[in-house]
Amino acid sequence: MKIETILLIITFTVVLRIMIHFWGKVWPLTVAALLFLFWMQPALPVRYLGFWFSCLTLILVVISWLMITPKSERRFKDNWLTLFLVFSVPLILSAWRYIDINGIIVANRPPLLWQVAIFLFGCAIVIAIIWRYIKTSATAAIAAIVAFILIFIILKTPFFAELLSVQVRQWVGQSPQLASSLDIRWIGFSYLAFRVIHTLFESKNGKLASMELNEFICYVLFPPSLTAGPIDRIERFLPDLHKQLRIFDNPDQYFDAFKRILFGLFKKFVIADTLGLIALSQQVAEQTTSTLWLWIIVYASALQIYFDFSGYTDLAIGLGKILGVDLPENFKKPYLKTNLALFWNSWHITLTQWFRTYYFNPITRKLRKSKIGKHQNSIMLVMQVTTMLLIGLWHGVSGHFFAWGLWHGLGMFIHNRFSPLMQKLQNKAQNDPILPKLWNGVSWVITFNFVALGWVWFLMPNVQSAISVFTILFGGK
Amino acid sequence: MEKMRWSSLIRISVKVVIFFVVLNLLFSIVHVEAWVGNLSGYNFIFPGRTRFPFGENPGQAYNLTMNNINAMFASHEVSKKADETEYRVFLIGDSSQWGTLLRPEETLSAQLNQLNLQTCDGRTMHFYNLGYPTLSWMKDLMMMDKAKEYQPDMIIWMVTLESAVAKDQLQNPLLEGNQDIVQTLIEKYGLSQYAVSNGDDNILTRNIFTERRNLADLFRLQAYGVLWAATGIDQYYPERYDLAKRDFDAGDDNFHELKSPLKESDLSFDIIAAGRKVFSNVPFLIINEPIMISSGENSDIRYDYYYPRWAYDDYRELMEVQANENDWNYLDIWNLVNEYEFTNTAIHMTPDATTMVAERIAPIIQKLAFEKMNCTGNQSGITYSLPEVTKEPVSTPTEESVITQTIAPTLEVSTVQPLCDAEKWQEMPVIPAYLSPDLKKIYKDGLARGNNEHAFSVIGDCQNVPSVFLGSFDDPNSYDLGEYSYLQDVIEFYEGSFSRRGAAVSGGFNVARVLSPLAADPAVCNKNETPLECELRIQKPSVVFISMETWWSKRPAETYEQYMRQIIEIVLKNGAVPILATKADNLEGDNGINYTITKLACEYDIPLWNFYAAAQPLPGHGVWSDGFHLTVGLNYFNNPENMKTGRSVRNLTALQSLYSIWTLLQQ
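In order, the protein sequence lines correspond to chains L and H.
Quick note: the first sequence uses our numbering, first residue 1, plus one each step.
Quick note: the second sequence uses our numbering, first residue 1, plus one each step.
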């Protein structure tokens, strides 16, 4: 995002706070979330695709809400206005094309009004059927989770994404020869999926209190965290949503918010963007002739990724504070940690917690109780590697993300195996005036370098290129 | 923690606003960024740049265009502390000296440095590239005025007419971004005819926000220092670019809407005089730089895209008069370079042409230095006499030698296997005249597997790209076979292959790189495919020239041999006939590579095109004094001048070799 865009978002957030003063949080946030969903979709090469992605998001959100809301709690009289908004926003935005001021709310010219109307009519029938006939159940929740995962796989696998692009291009009369996986960019889907799957799991486990549709929309489409997280939990979010907020409430919240936003802007636009100029890429890797400078480039890239991502998180948290929502922290000085487990406890915290809660912990527990439960080491190896592989593949289904996940999975396993021994040694040396500090220093150097080198897998477009970088880094040619 | 009150928040906000306003006010009054520009990691953390920052594609060039003169100089190697053993020569000029499309080691200053010129007191001449890619003498004056701080021992100012037009002097982004400096120059040197538009310099027009781009550029320049240090790249080199225009519209003789004849007042000679004044105590040489002299359509009206003939001829006359009147050291080498040695504009030259310019001006530079030091004698072996200004384009060295005609106008092929002795590689015939039955079988198998009998490929380095090697044979206007007219048949048979730039030929390629997938062009090559495999797959050639001159490193010929073996085996495996080429240079010192090439040709029983032997009778053995680049000539074999040059003879003998192999394959 450009700094001008972010300044515009900050201004709108302050306006939203004023509206919240008069009308409470839920309705202004619902309308803002619906509009933001369309506004932040980028211009895509495939005609109308960005608009349709936003429409699909809305429909998926409504269906997901139905999947977590028992039939008895689906009250039309409490939700008709939200449904009206959900259906009218796309219609109004598609009517936008007739007044020829495109590019203000939607990046591309929206589809024809009748096309949108037919689509929404079809969706309305599906929603009505689900509303009327489908009960909440573990099976329905699991089916919805699987559907989200399948969409995710299609979006993140270049092969499937390109196939989809070919298909969509044929539908809209564009050349399928120009199809590319890059055509399929559904901004916001990743984080939306994490939040929705979280609610489906909690609903399946009977831990979720029912909520109205507008509250659910505020949670899953909360504008500050829609595109880059953090992944909040609904039971933490809803109390914040219902806290009353006046314009002149909590001056320290304003102070904290703007301080956080300023930090975020500085991290992103001064530090990260400057480091971005020298970040590792295939081109840089191929042209670099010096091992020493390549190490420096790798370190710069590691810092760039951190400042970029944590800068965005600061912005999201700061904007959330203006709206009276305390989003969870996502980073806690990860590069200062002295082992890999601590690093992953402080890097993209909400994502790792999500995977821990919904994959690592339940499956590990099941495996331990199963016949193979006595093979603790094997279970730990499999679970740590697969967890990190899933995190890697979440960035894209390709070899280099797989390698990055494997790198960290094996790293976590090795750390896990050696940590009791290391702890013993550390305890023995604790009375020494120098050794503990030296220990920490060495541990930090190893951890930071392990993580920094891991970014080589992440940043290179394929495994072969990453191996070439490692070859130069370690003195080969 | 104590809760914050609104009053505290308002107080903090007011303080922030006051601080911000004061900071901007200070910024508006004091030109902080000019001072900040002097702070640089270059020459300390990163090596100094060999030319000024300039780049329109920062992401690919690792360089950027900026306006901060202090930062530009601070990033340049010129700001490194002067070494007592060096004689500092500053080259001022435009993009031609800066080196558009030239690698750092190919620029004029770099090539002059490679000549390792000495002064009579034993100092080595160090040439600093202070050229900047915009055309204005006022811009040059600004750079010279700043360059004063860096203690030059000599100034060389490369000029051209496009930089001289008085009314356009200030229409230059660098000058527009430094109006205060330009104003000072105008006052200092009495150049009042050039009016600087005095923009209002106040807090609204000049504050941290309006200057954010310039401030950010300072950070960017430092950041790119890392990539400059890591890669040595400071310019984006496009794979393809449009060549300078050579055909012009009839009647187009416009030059900046000036009227013929050019008057003294049309041009900014006063700026040259000011420049001379800046450096009145050091030798100062003004050189009218080479321009393209086109032979295309309507070239009787225009020399090139920049210059109609009338304007440029007038300019040269005016320059000469001014030089005589003001006693300037002036050298006019406008027509030194052949039109085919220009790249994307009429002043940007190829590396070879730049070498030629360096060779041409080196003795004059040295002479000026000697004169200043009151030395006599030829201590470096270079002739000091000022050469006559040439009246016709030349592109060959002026060495006097009688060329022995060694290239037979007709060829004979043999069915008897000749003796192949690598120990006597110098005596091997230039043109291969025999093809083994095994090789013919490989060729036939290759055709059966889909190879194209009308296609050949070139595996090679910068000396083998179509612009200098064989390419002209696909354009009937670009060659004349003269007495070698029998070669026309082979040109027609392989039509299209000559001008095609293959995937395995490129500047910087060597025997190792053509086998590296990293060097393959991702636009045409498959993943993990080497340039060689890629070329063989795309072109499906039946004949392959393998000509690898470049071997800059000190690695022994044995390593070269290992890679070359792989290349030969891959080509044979693909059913194509390889033609190995010896090279004219002996950079490795012991001719080890030519020996290796011949040894491999004998061992694999494959054709050898012994270009080395063909180059021996040529002046300078067909290479410039850098010992590598071939002397430049065109493929007009009816012109004896061309037949004295390495490049023409190389093209001719390559074509003869192809003809010979083709004839043998047809039998």
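If you're looking for bench data, these hints aren't it; they were derived computationally from the structure.
Please note that a few of the clues may not be correct.
[Claimed, not checked] Listed next, the in silico DSS-like pairs over lysine-lysine satisfying Cα-Cα at most 30 Å (straight line):
| # | chain 1 | residue 1 | chain 2 | residue 2 |
| --- | --- | --- | --- | --- |
| 1 | H | K527 | L | K333 |
| 2 | H | K15 | H | K3 |
| 3 | L | K2 | L | K135 |
| 4 | L | K156 | H | K527 |
| 5 | H | K3 | L | K259 |
| 6 | L | K2 | H | K15 |
[Claimed, not checked] If you anchor each label on the Cβ, the simulated ranges turn out as follows:
| # | chain 1 | residue 1 | chain 2 | residue 2 | range |
| --- | --- | --- | --- | --- | --- |
| 7 | L | F121 | H | Q60 | 44 to 52 Å |
| 8 | H | Q60 | L | F266 | 22 to 30 Å |
| 9 | L | Y335 | H | G41 | 43 to 51 Å |
| 10 | H | Q60 | L | R109 | 31 to 39 Å |
Glycine is no exception: its CB is placed at the ideal position from the N, C-alpha and C atoms.
That 31 to 39 Å hint for Q60(H) and R109(L) (C-beta), does it hold up?
-> holds (33 Å)
Please work out if K2(L) and K15(H) have their alpha carbons no farther apart than 30 Å.
-> holds (28 Å)
Is the gap between the beta carbons of Q60(H) and F266(L) within 22 to 30 Å?
-> holds (28 Å)
For the pair supplied as a hint, K156(L) and K527(H), is the alpha-carbon distance within the 30 Å limit?
-> Between K156(L) and K527(H) the Cα gap is close to 21 Å, so the pair holds against 30 Å.
Mind checking the hinted window 44 to 52 Å against the Cβ distance between F121(L) and Q60(H)?
-> holds (50 Å)
When you check the alpha-carbon spacing of K2(L) and K135(L), does it fall within 30 Å?
-> It is violated: about 45 Å lies between the C-alpha atoms, which goes past 30 Å.
G41(H) and Y335(L) - C-beta distance against the hinted 43 to 51 Å | Hint violated: Cβ distance 23 Å, outside 43 to 51 Å.
Mind checking the alpha carbons of K15(H) and K3(H) for me, to see if they're no more than 30 Å apart?
-> With Cα atoms ~19 Å apart, K15(H) and K3(H) stay inside 30 Å; holds.
Restraint status (C-alpha distance of K3(H) to K259(L) at most 30 Å) | holds (15 Å)
Would the pair K527(H) and K333(L) pass a check requiring their Cα atoms to be no farther apart than 30 Å?
-> Since the Cα atoms of K527(H) and K333(L) sit roughly 39 Å apart, the hinted pair is violated (cutoff 30 Å).
Hints 1, 3, 9, counting from the list given before, are not met by this structure.
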